[in-house]
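Q: The primary structure of each chain is shown beneath.
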Amino acid sequence: MTSMNTTGRSLLQNDAGVLEGSSRVFAAGHVGNLSGLQWLASLRGIKPGLVLAWSVIAIVVLWGLFPHWFTSYSGTVGVARQQLRAPSADHWLGTDALGRDLLARIIYGTSQSLSGAIVAVGVGLLVGTALGLVAGSARGKVESAVMRGVDVLLSIPQLLLSLSIVILLGFGTVNAAIAVGVTSIASFARLARSEVVRVRASDYVEAAFGSGGTFLRVLLRHILPNSLTSVIALAALQFGSAILAISTLGFLGYGAPPPTPEWGLLIAEGRNYIARAWWLTTAPGLVVILVVLSANRISRSFGKAGA
Amino acid sequence: MSAKQALVPAVPGARDVPVLEIADLAVSYRGDTGFQPVVHGVSLQVRPGEIVALVGESGSGKTTTAQAVIGLLAENGRVDSGAIRLNGTDIAGWSQTRLDTVRGRRISLIPQDPTSSLNPVKTIGAQIAEVFRIHRQGSRDEIEKHVIDLLARVGLSQPELRARQYPHELSGGMRQRVLIAIAIALRPALIIADEPTSALDVTVQKRILDLIDGLREEFGTAVLLVTHDLGVAADRADRLVVLKGGRIQEQGTTDEILAAPRSEYTRKLLADAPSLAKAQTFPRTAGFRRSDGDPVVIVENLVQDFPVDHGPRKTFRAVDGVSFKVERGTTHAIVGESGSGKTTTARSIVGFQKPTSGRILVDGIDITSLRGEALRQFRRSIQLVYQNPFASLDPLQTIFRIVEEPLLNFDPVPREDRARKVHTIVERVGLPPSVLSRKPRALSGGQRQRVAIARALMLEPKVLVLDEAVSALDVTVQAQILALLDELQRDLGLTYLFISHDLAVVRQISDTVSVLQGGRQVDAGTVEDVFLRPGSPYTRELIAAIPGRRKADRRDVSPVFIGADS
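For the record, the sequence lines run as chains F and R.
Per this note's numbering, the first sequence starts with residue 383, numbered consecutively.
Per this note's numbering, the second sequence starts with residue 462, numbered consecutively.
None of these hints come from the bench; they were simulated from the model.
A virtual CB, placed ideally from N, CA and C, is assigned to each residue, including glycine.
Check each hint, because a few of them may be wrong.
Stated by the list, open to error - In silico DSSO-like cross-links for lysine-lysine, where the CA-CA straight-line distance does not exceed 27 Å:
#, chain 1, residue 1, chain 2, residue 2
1, R, K815, R, K786
2, F, K523, R, K815
3, R, K775, F, K523
4, R, K705, R, K729
5, R, K606, R, K583
6, R, K923, R, K882
As the list claims (entries may be wrong) - Derived, one-sided and incomplete: chain R residues facing chain F with beta-carbon distance under 10 Å:
#, residue
7, L534
8, G812
9, R840
10, R841
11, I843
12, Y847
13, A852
14, L857
15, T859
16, R902
17, S905
18, A913
19, A917
20, M919
21, L920
Take these sequences, add in the hints, and give me the full structure.
A: What follows is the structure, encoded as structure tokens:
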């Protein structure tokens, strides 16, 4: 999972870098023409990779909210005598073994995957940031206790941890999402703590204490807002990997039960027909990859804005 | 070595070809809205054996000009036009590879920050040897010998030991000597010294500048000295080039410019530089002195220990038995170099740390016994202004919220009253009301420091502790802030505790002074007493090291430098 994330990230990075570089050369060649220069300068501010990433996320969000706008087929009920059709004008991505339109299944499955990812990131963000904030600002024994707990969480492989939690909680989309969320608590806590420690050592926080601020006020007024930038960037990054992790759990059969269309489950079901109908695994796989890459690209832009 | 020959004084016109000639140089940086010109048509010459100082405030283009000469402009910078002639050859359009053949050999750089300019994972010896290796000079044994000679030449004791040490084992002054050794290794004709002493204490600064001076006289090397400190420039340079906003305001021999500055800007710079002010005048004591014998701050026998991590129950004594009194409405300065315990003393007085022993009375309250809510209430009477105005303001808050904050911490004040008070104070520190809605990053350094002062004044404190509050500012801004502080003191009857390493500033604004060295108070008294009749050798050394005072007798200084490690 992780290696895929990073590869995708560097790919997009290179892509954006090349585009920026070429427009820079272009602009330098047209110094004489002032209006042309201004037009190019305004164009340079727009990063095509980032625009693409936001549009992917926007489309996917719309799929999740209003699936019926995008397809006339049902996500769960098949059409008779239409089994395992190849992609065509009627069925853009073909149909599965029960004659269900694959594109419709992907579109209807979006809400499952997206809400799962949101719950997972929400759990990690809230619990992790709270733990990091407490650890970073309280220091001493509290910090040691919290951070050693986090270290324990980190030492367990993520998939193993989320599987154990799902088994404890029972199968289902929400439970799978919580399980994925718990695994990301540790990274949120570590990041939040290091940011809090950095902000806490700054002159303006000391100045706030010096002007009579109480601990809680300074925490809410200065430490929390100034620590959040990197945490938000991590949340966007985690959103991508949460979709991947939830799909993994769905693939293994720990997520939503069939016939619910869920991206991981779609890939798993399509696997049986990979020789006859390759599109059944490929299409949902590509969708997952696109969404994860887009989330990474957006996260990187947050990180840059924060730095 | 033809040391005698090189000792010939660098009279303009004595040699024909200048080492460096910059003609009509223009440099611009690429920003969000295309290329932004920062240096406009700068022309200057450096002749053999001459020190030319490039003087200006931050943003004047002095460093950019120096970087353009050695081909080290930032990635988004480019030379738009003009020529940079090194011994008559124009190197302005040269590629980096081609420049490598002259860098180090004919022209070299002494960088600004000795702490970040050395590679932390390589020994000192290896870093100096690198210069020889890059330019393929000599065998391994010869290089080793050269390295030891160079380390001895720049005045480091035990050169063999130093060559084996890593940068972190050396002090800031020693590291700057190593950087100088690297710069002079191949006897270049020109050294560019970019603020070579700005990060160093005054006594160390003096020794480093003496060293550069000595090397110049010995080897006949020309030096382009980039500095913001007019005192340093006046002391060391043969000629001055004054830059403002990327344009030359004035250039000429140092004596001419100091005696009769032609441009308005140079006159202002000279007037604002505290180190160039007449040493005899004590404007503070001559005019305003309203001591009624009522001490508002009393520090008795202050001792502050800090635990040292390694070693069982070991402590480091940062402050050792410091005592002084500050009378109401006066300014007391605490002076010392880095590590002297001056900031530690200030932090104890503001109540940020408990002293190990001793008493601190502020307005009759012993603050060493305060804790919790009582300590919080005490903070109303004493406020701290920090050195770095870029770090002491929350970057996410507007100026209004920053200045308003202290009021929210105590008894509730109605919203309209708060707003009125914020407006009054912001106007009082000389800022337009339009800044209130902005964030700190939209303000200049001087404006930010005014905001920090406004915030400190919100609670109507009796004592203001200024921890190097003007050290990070340009001289003209520094002069404005000092004038503001003076005015506030007269109007509000404030008592100042002024922490500084800069004796020239202290002389200008203080009534009484304590000199600290290694945590001990070595001298104390009124400013006249301490400056005119220093009681300790350390104080005498500090006063002698103030730049800008020895212009007249500079040429009498023997070329032999002081060999002590700095």
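Q: The structure should be examined with respect to each hint, and the outcome stated for every one.
A: Hint check results:
| no. | hint | verdict |
| --- | --- | --- |
| 1 | K815/R with K786/R | holds (19 Å) |
| 2 | K523/F with K815/R | holds (21 Å) |
| 3 | K775/R with K523/F | holds (22 Å) |
| 4 | K705/R with K729/R | holds (12 Å) |
| 5 | K606/R with K583/R | holds (18 Å) |
| 6 | K923/R with K882/R | holds (18 Å) |
| 7 | L534 | violated (15 Å) |
| 8 | G812 | holds (8 Å) |
| 9 | R840 | holds (5 Å) |
| 10 | R841 | holds (7 Å) |
| 11 | I843 | holds (9 Å) |
| 12 | Y847 | holds (5 Å) |
| 13 | A852 | holds (4 Å) |
| 14 | L857 | holds (5 Å) |
| 15 | T859 | violated (13 Å) |
| 16 | R902 | violated (13 Å) |
| 17 | S905 | violated (18 Å) |
| 18 | A913 | holds (8 Å) |
| 19 | A917 | holds (8 Å) |
| 20 | M919 | holds (7 Å) |
| 21 | L920 | holds (7 Å) |
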